[in-house]
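Order-wise, the sequence lines are chains A and B. Each residue of the first sequence is one higher than the last, beginning at 0 in numbering that gives the first Met the number 0. Each residue of the second sequence is one higher than the last, beginning at 0 in numbering that gives the first Met the number 0.
A couple of the hints might just be wrong.
Identical copies carry no separate label here, and so any pair may be met within one copy or between two of them.
Taking lysine to aspartate or glutamate and the EDC-like style, the derived pairs with C-alpha atoms no more than 20 Å apart in a straight line are [said to hold, decoys possible]: (1) K206 / E168; (2) K174 / E147; (3) K199 / D75; (4) K266 / E277; (5) K355 / E336.
Read the hints as simulated data drawn from the structure, not as lab findings.
2 protein chains.
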Amino acid sequence: MSATAPAAIAPAGARQMRLGLFLLSTGHHIAGWRHPGSAADMPVSIARYAEIARMAEAACFDMLFLADNNCVPQTDWPAVRRTSRANLFEPIALLSALSMVTDRIGLVATGSTTYSEPYHTARAFGTLDHLSGGRAGWNIVTTSNSNEAWNFGRESHPAHADRYKRAGEFVEVTKGLWDSFTDDAFPRDTESGIYFDATKLGVLNHKGEHFSVRGPLNLARPPQGHPVLVQAGGSEAGRDLAARLAEVIFAVNQALPDAQAFYADIKARLIAHGRDAEAVKVMPGLFPVVGRTRAEAEDRMAELQRLLHPDVGLSLLSFLTGGFDFTPYDVDGPLPELPDTDVGKARLKVIADLAKRENLSIRQLYERIAVSRGHHMVVGSAADVADRMQDWFEGGAADGFNVMPPTFPEGFRDFCQLVVPELQRRGLFRTEYSGRTLREHLGLARPLHLPRGQVALPHA
Amino acid sequence: MSATAPAAIAPAGARQMRLGLFLLSTGHHIAGWRHPGSAADMPVSIARYAEIARMAEAACFDMLFLADNNCVPQTDWPAVRRTSRANLFEPIALLSALSMVTDRIGLVATGSTTYSEPYHTARAFGTLDHLSGGRAGWNIVTTSNSNEAWNFGRESHPAHADRYKRAGEFVEVTKGLWDSFTDDAFPRDTESGIYFDATKLGVLNHKGEHFSVRGPLNLARPPQGHPVLVQAGGSEAGRDLAARLAEVIFAVNQALPDAQAFYADIKARLIAHGRDAEAVKVMPGLFPVVGRTRAEAEDRMAELQRLLHPDVGLSLLSFLTGGFDFTPYDVDGPLPELPDTDVGKARLKVIADLAKRENLSIRQLYERIAVSRGHHMVVGSAADVADRMQDWFEGGAADGFNVMPPTFPEGFRDFCQLVVPELQRRGLFRTEYSGRTLREHLGLARPLHLPRGQVALPHA
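Chain A with its partners taken away, still in its complex shape (with noise of 0.2 Å):
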């Protein structure tokens, strides 16, 4: 907390922003890792992951978010041997230990519907709430990386149409697993010896196009009776099926109106679903480069820019304009003219654009792109960064934001002490839990049991 002024108060009901951590290796910008405030060893270190728990609960952040691939993402890099990224926990078991070392923050996995099966799903995130009393939360993904595919016995990655087809089916079932049990299902009476009430176990019976799952499911029904479900995707599948199941979205927008225009997309969509505006929260990606003053913030962010390899740059670049080879050009020389390729075009025209209109040299480029990923960037003083995140969470682009540090643990820790407090001296951001659930936190309603199938049990 800053000493400078007393803490305000929301005024009561007043609207506050929402906080999510996105862990990433050894943080954000893929060079971190070299910087003396990161842990290059946090991918394969638990202590780590858990220190930085407790910061982003010490924070009072709404939760803790993982991405996930099944692949070593970048095998095909030159320069994949210069990243961090080639390990990565598993998503469900990270979250199980970091469970026992937090009482409130929100624990958010990444799963995939395409390589995995709907029960195992419903087992993984649901034992996760059970352990954590209501605090899962399951990131819906189709998986993008077709390097996937060659794990999991197939020659090539389904069509994006396929993988949201099994995906909307996939979240059915699942959720029809979750509620295999009633709340109330579970007397475990020892004077009359009946332990579960047989007539509130509902069989699924499900028989679709992808699944075919009889259930019931072998847990209880999750605290919150549904883990939250989150969505990443925006095309325009993935902001149907956003609209349509999703209680987060993770939104990725450069600038202010690309945000604005994707918040009331989505807002429209819901109430086209009958959906109330508030049942989603819209949390766009933010990479924060904080400093005590502005100058400051630059001079680390140039610091980190200093660390990235020009061939981790030139891999970067060329994986994002598919495939083109980059090695015969001078790096300090003008972007030469990109061949038509089948894939990423609308990306590509980005690139290219955005080359000619600042006229930037190859470095320049790869240095723009490989620190955002195509998200936000603000590089300021606390005042700086917390202006950009209240224009754009009163500015109606956002009702929250997933935060990504440069850096794990300096570049976080940067952003909790300072500003974390200026949010919070605005009103705009929490300075206690008030909820135990992530449902309560994010204000979400806790789903009724829906019963599916038939109970179908003999002597029940």
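Chain A is fixed; fit chain B onto it per the hints.
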């Protein structure tokens, strides 16, 4: 510890027994949840599990052991509502949580090879090994409950032989994935910017009968090299798999001569496979009911048996006899003639012979069967239980035991307070941990890294 005698120290290098704690719901007596010494809510309470785990670690147990099902196993039992086993936490999540409240004890989870993928299994168990600092073990099962098939889109459960063929290949792939990186692959050199040595990353490129898995696994090699491999199948195929690749076997033996024959068979198979006889630890299940005197133990057992509702006993008996309906018969009368069935002929004969030999009523028969589930039972004082364990341990029948207390926490607390000190006084069990990893506790070698497949990274 008893106050009557100083703890004897085993002679240096003396062989000591290994002890696992088999965690199962509210305890191994099927009606034990009704007993005041049970925590009836244990299946969904991490606080209860944490209490038991700490108790086992204070008693210097080698490991916790979790069975698993991907179904509610007895939905076709009329008495399912009278049992506490419809709830089962996902085991990797549970053990990951318990890794944070323990320091030394091994953590062994069951993982099926029939309805999972090697990549998921390698990640999950590899992560648990990292989280726990080298305390993970994998109990490899092929799933015997055909109900699981219906939860994974299958019409029927695969045949026994097919399951074991798949299991053999599954384990080989998993081991290959754990060896994706060598132990020294990660210099994390901030100066040069090299995070890992790409020549020390192997792409598995496995293409077999059941699996096609490219790799590499996105995880550093586990601290133990590989988590400890455990196996529990007693069939010919199960024993062969165990002799080829297991390091611990959880055996099911009713009587000393059976256990001696099983032990000798396994050790002979090991030698036939070119492995050292000490490379596998054979640990039969042991169901102990212990009291301060033999009479007190017998009273405790009778108290538990009084809680066993006839519906549960008859359900279990019906299940074990291929579906025979006992409800028309007098429960205190003799066993009727059982018709021949297609399933479990050997088990049917054992049951019918037992009833005839000892002239048991239906009730007496199910009371005998309900308790032990085929495992060895001992009811007596600490000296009685320790005597039996010593006989088996020194009589060529066991390297240790998988302890199956009738209730949690009381039945296990009795074992820790009464039997463990007696074993320690006799020099048969450790009084403190000397190692840090599960392999060290068990005296198992750390597997060498085997290069598999080819290093195929560009610019490595």
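Against the structure, the hints:
no., hint, result
1, K206 / E168, "within (10 Å within a copy, 30 Å between copies)"
2, K174 / E147, "between (25 Å within a copy, 19 Å between copies)"
3, K199 / D75, "between (52 Å within a copy, 15 Å between copies)"
4, K266 / E277, "within (8 Å within a copy, 65 Å between copies)"
5, K355 / E336, "within (10 Å within a copy, 90 Å between copies)"
In the structure shown, no violation is registered for any of the earlier numbered hints.
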